[in-house]
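Participant: Below, each chain spelled out in residue letters.
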Amino acid sequence: MTATPDALLASLARRLGQDRVLTDPSELVVYEADGSTMHDVTPRAVVFPRGTEEVAAVVQACLANGVAFVARGAGTGLSGGAMALDGGIVVALNRMDRILGIDVEDRRATVEPGVRNLAVSEAAARHGLFYAPDPSSQAVCTLGGNVAHNSGGPHTLKHGVTVNHVLGVQLVTPWGEVVRVGGPDRPGYDLLALLTGAEGTLGIVTEVEVALRRIPEGVRTLLASFPDVDRASAAVSAIIGAGIVPAALEMMDDVVVGALEAAFGFAFPSDAGALLLVESDGPEPGLDREAADVAEVCRAHGALDVRSADTAAERAEVWTARKKAFGALGRVARHYYTQDGVIPRTRLPDMLRHVREVAARHGLRVANVFHAGDGNLHPCILFDEDDAATRAKVLEAGAEILRHCVELGGSLTGEHGVGVEKREAMALLFSESDLELMRRLSDAWDPAGLCNPGKVLPMGAGCVELSPRARQAAL
Amino acid sequence: MNRAVPDVVLEPGDADEAAELLRGAASNGLALLVRGHGTRASQGALPRDVDAVFSTARLGAVETYEPGDLTLTVGCGIGLAALHDLLAERGQWLPLQAERRRGTLGGLLATAADGVVDLGYGRPRDLVLGARVALADGLVARARGRVVKNVAGYDVPRLLVGSFGTLGALLEVSLRVAPRPARRTAALLGYASVADALLAAERVREGRDEPVFVDVLAGACEPQLALGFDGSEERVAGCRRRAVAAAERVGCTGLMLLDDDASAELRRRLDDPVAHLLPEDEGARPGVVVRWSGRPSLLGGWLSAALAAAERAGVAVRADARPALGLGFLGLTGDDADALEATAREVLTLGRRRGAAVLLAAPDTLRGEPEDVWGPPPADWSLMERTAQALDPQRVFSCGRFVGGL
Amino acid sequence: MDAPRDPAARPDTAPTGVPAAAPAAPAEDASSTADRPPLLEQPECVHCGFCLPACPTYAALGTEMDSPRGRLHLMRALDAGRIDATASVVRHLDLCLTCHACETACPSGVPYAELLEDTREKLLDSLLRPRRQRVLERLVTWAVALPPGVQRAGIAALRLAERMGLGRRLADASRGSGHRAVAAGLLLGSPPDGVVVPSHTPAVGRRRMRVGLLQGCVARWTFGRVNAHTVRLLALAGCDVVVPPAQRCCGALHLHGGRREEARRLARRNLAAFEEVGELDAVVVNAAGCGTTLKDWGRLLADDPVWAERAAALSAKTRDALELLDELGLPPARRPLERRVAYHDACHLAHGQHVRAAPRRLLEAIPGLELVPLTDADRCCGSAGIYNLLHPKEAQAILDPKLARLASSGADVVAAANPGCLMQIAAGARRAGLRLETRHPLELLGEAHG
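Chains A, B and C, in that order, are what the protein sequence lines are.
Heads up: the first sequence at position 283 corresponds to 283 in the working numbering, and the numbers run straight through without jumps.
Heads up: the second sequence at position 134 corresponds to 134 in the working numbering, and the numbers run straight through without jumps.
Heads up: the third sequence at position 183 corresponds to 183 in the working numbering, and the numbers run straight through without jumps.
Note that these hints are calculated values from the structure, not bench results.
Heads up, a few of these hints could be off.
What the hints assert, rightly or not - Examples of chain C residues lying across from chain A (beta carbon under 8 Å, computed): (1) Val-46; (2) Leu-52; (3) Glu-64; (4) His-73; (5) Ile-83; (6) Ser-108; (7) Val-110; (8) Pro-111; (9) Leu-115; (10) Trp-142; (11) Val-243; (12) Glu-447.
We put the CB at the ideal spot given by N, CA and C, even for glycine.
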């Protein structure tokens, strides 16, 4: 990739100004990967539009020159969704980060796509409101990325994922038109549902209207430690079986616990093989009873210890640890590869056993930190040597885990998205007819095939345009 | 005016048959109308002449039901009565029009029907996890799946919810179900005016008692505020006490606490806005039900203007407003067909100024034009058309009932 | 740097973990703990991005090359030979303030600043930098490291440079950038405050400790009053205070710039200077940037056979003055201060040394003083050593949000425990027309105990 000023780059520089068009290869290298480092592709350029009109202008310029484009927020995605394939450019939206308005009466916020998830809740807090979807990267990740991935988070068990909270978007379509896509309540097709989670393949969202909720009156946070993940899994099933729907139900295994101890100095019971973080929220009446019921179920299923985080500071500490758990794994391994498979909740013990077997067979270590209540697993395959052989082994182990998720009636991805990473694995989950249906939508919405190409739907050609390292790994 | 319903009914017993029938219909260039039990057939604009009905009535098999996972995969032709009974046996429920026993699940989803506890549990779109659909050319495909969290591929199931069967036929869906709450209670409070009742609703909304419904009822009797609470004994008792206290402070004229059967009776009444606002026991008088949706803060303005318009015209009116959801339903009845129609048009016009207003039920004279029923095509109409073009290029299922004549 | 990074050693932020109400099960059953993986000595960036919102330059510039994750990516690519050290790469690496905020945010514990030092060392005196920046950095690091007696001569040399035209540009660049006082002090040799501290001050009442004070190479001229307050407060708290006469610049600027050899030289010189005054229970620093450096000497000289142990010993007993006063306790303050004070966390105190609560506790104990909350209090002000001289535009962009936060805090005083921050904020506030007094917390404490 050279920085020869081709027609597109020249026109973008004219439109946006040279300082908002990056073409220096030594700068572009930073944009070769998102939060996942398993794949990397250096973009042709990175542009920083300000506002909807400029995004539309960028898209139109790309169309005119036949160059692909992909939107990027904070680059925290875990499936390579923000990588520019096919010699495309990155449309960086992180500077479009204004909160355009908070409507307290109607409980909604209108924001630009580069606004960080947590910033919405912070801005709404003084009105007693919050934005419910809370991905672990919420301090970093942006609303635009959340819409693209239909992001979840620990509290989605009770409060729902992004699609349940988006009320409208401003969209720059793949053909460069600006359209306001209305809320789920305006008459017509539920296009918001189609766009949310489409991973930026059906257009670029330049403004988002989201619903805000009243901050729950009370919160009870319990941390239960178990000798092993099997007993913790049984407790999860029993809690749900008792008719309790906690706000969050999270599990961490001993590897994660060790990393968290190192990162945050927590003192967990030293013989804990698994931790369960259970949070109930809602009106005060009955809340203590619910927490007591949860604690009782945990003890009945062999919990070694059940503690409660009683103050806001203690809760914040617990959640900081949980939300930084992925990053904390950097303390125990140089690299990791995170999976995002989903299984029916009742199959948790089976699935976790399988994960252990796969890891053992490949001689790899795995850490588990996941949304147990949703059956959304995040096995992190840990590895230190970043060589082709190790990567191949890691990718194979990951694929085996995903295959088993599908065999158990689950899904490839609960919240991280298909991206480029699980693109070919889509054929495991879906038949040719299923994929055909999605292709029809994709073809109709993106006739030029330039809007974040190479994502979501399988190309059938194996690894296309991945990094040299990944290519080696695939051989 | 009433267009003939065709005699030809394509009624597959499984997905393969559905594919085969649709391929056959497509090769013969037939225009189709998707139908379950036909209980919601009077919704939407009058369909254009179609050649055959595509019926899902025989597609009611339960594919998988895992109570431990709180998920159910079932054929869309299952009757609501059978569905609710099936779940009740395992102490669970699908909180969408859970009191209604007529019609099919497919019909409920295709029309995105409003249920009384949507505030507490979510709308139809929020509970659909995956689907198997049949497109007009016979392509049968699954999308998403049966796990509660899933972002693999495009969200086709939600796209088809509320699409009135104009993109394809829902054959089977996976749903998120819920444990049946231990207690379901309600309260009814009386007010001197609709404004007071709306203000009381606002007070409840400002609280944090998480009611499962907050309805302002007007028209037939004195204005009322209906509140519902679900959960443990302790939860519902405490929350109802506090919410009622907040609502009472707005000059309440009367209070009834409804438990068990009485609460269930109220929920049955409110669960289906059309049935509620056009009661059958008042004879088969022609009636209109308008559904308004928009920003909650604009609901009161529309509601009072609409009630005033009905009063001026001497048309009987009932209303059920759900401020927390930004929803309002208005039922108009009267023997003077012209006055009824004129009032309905006025109410729709008022509603469309700021928000959306559609006809949920109306005499055929009002349902001739899609624009009368649905309003003018919305800003993202071109994207809808494009989507329809992608899935049904021959417009086999576009029978003209839906927005923009789709 | 290992010591402060170890959470167990964090003096006032040590997490209690989730309440240890229930006793942990006996630890002898080590079977399951044995499964927990050993920790990496040098964790690598896993690209999670948690550092992005913490980084002042990413917030100001919005480009990932100017974020910690991006810089780590650049450094890795440089090491792997995937990119060349171009002018723009060097610039992105230079634009880092070394505020350490990313290290606080980093869940993996990546030793970012250390890695950056490595790289900066490799790029030392690179001609890819603009001439002005190169010369300025070289001159200032040279001047501050001079022995105090010679510093005046150095200043004369800088004057010469000024006459050659550099100084005016320097003054232009620093006008309004907050380091005007430094620039003036260094270049024109006019120590603005003239307060000198005695080489030995006995404890008031019972002696609890014997401590040595680092005066600071610039601060000794420009912030003599802070040193005076420090000495008096330490004495009040029961310390014999010694000011080793042979001490020099601590080498903070050199270390940040990758001039490790010079930093080591200065460290060794200072170690000798502090050893020379006899046994000390603690070494006290009142400038956050210097404190972090002293606490870092153990690492810096870890491979030096002669000095490693001695450096580690000194690092281990180095305390920020506020940290130590908080530990020892002060008698109740006699004089009330009716002020609304916002406390700005100097990066090298909060992120570098994990001292956050102690200064706030001390200030809150002053009668009449109201400590007002300051949003993003631990976000860099853009001073960062001589960053505001080298990169005035970026420093201003980083200062602006700080000033806005201060303005909306309603404070009439901002307290910061680092001379650089004080000058940067004071200059910015003056320019912005903010009525805001800038004080070192030790000055406020000193007045309250006057």
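Participant: So, for every hint listed, does it hold in this structure?
Facilitator: Hint check results:
no. : hint    : in the structure
1   : Val-46  : holds, 4 Å
2   : Leu-52  : holds, 5 Å
3   : Glu-64  : holds, 5 Å
4   : His-73  : holds, 5 Å
5   : Ile-83  : holds, 4 Å
6   : Ser-108 : holds, 2 Å
7   : Val-110 : holds, 7 Å
8   : Pro-111 : violated, 11 Å
9   : Leu-115 : violated, 13 Å
10  : Trp-142 : violated, 30 Å
11  : Val-243 : violated, 36 Å
12  : Glu-447 : violated, 32 Å
Violated hints, in rising order: 8, 9, 10, 11 and 12; the structure is consistent with all others.
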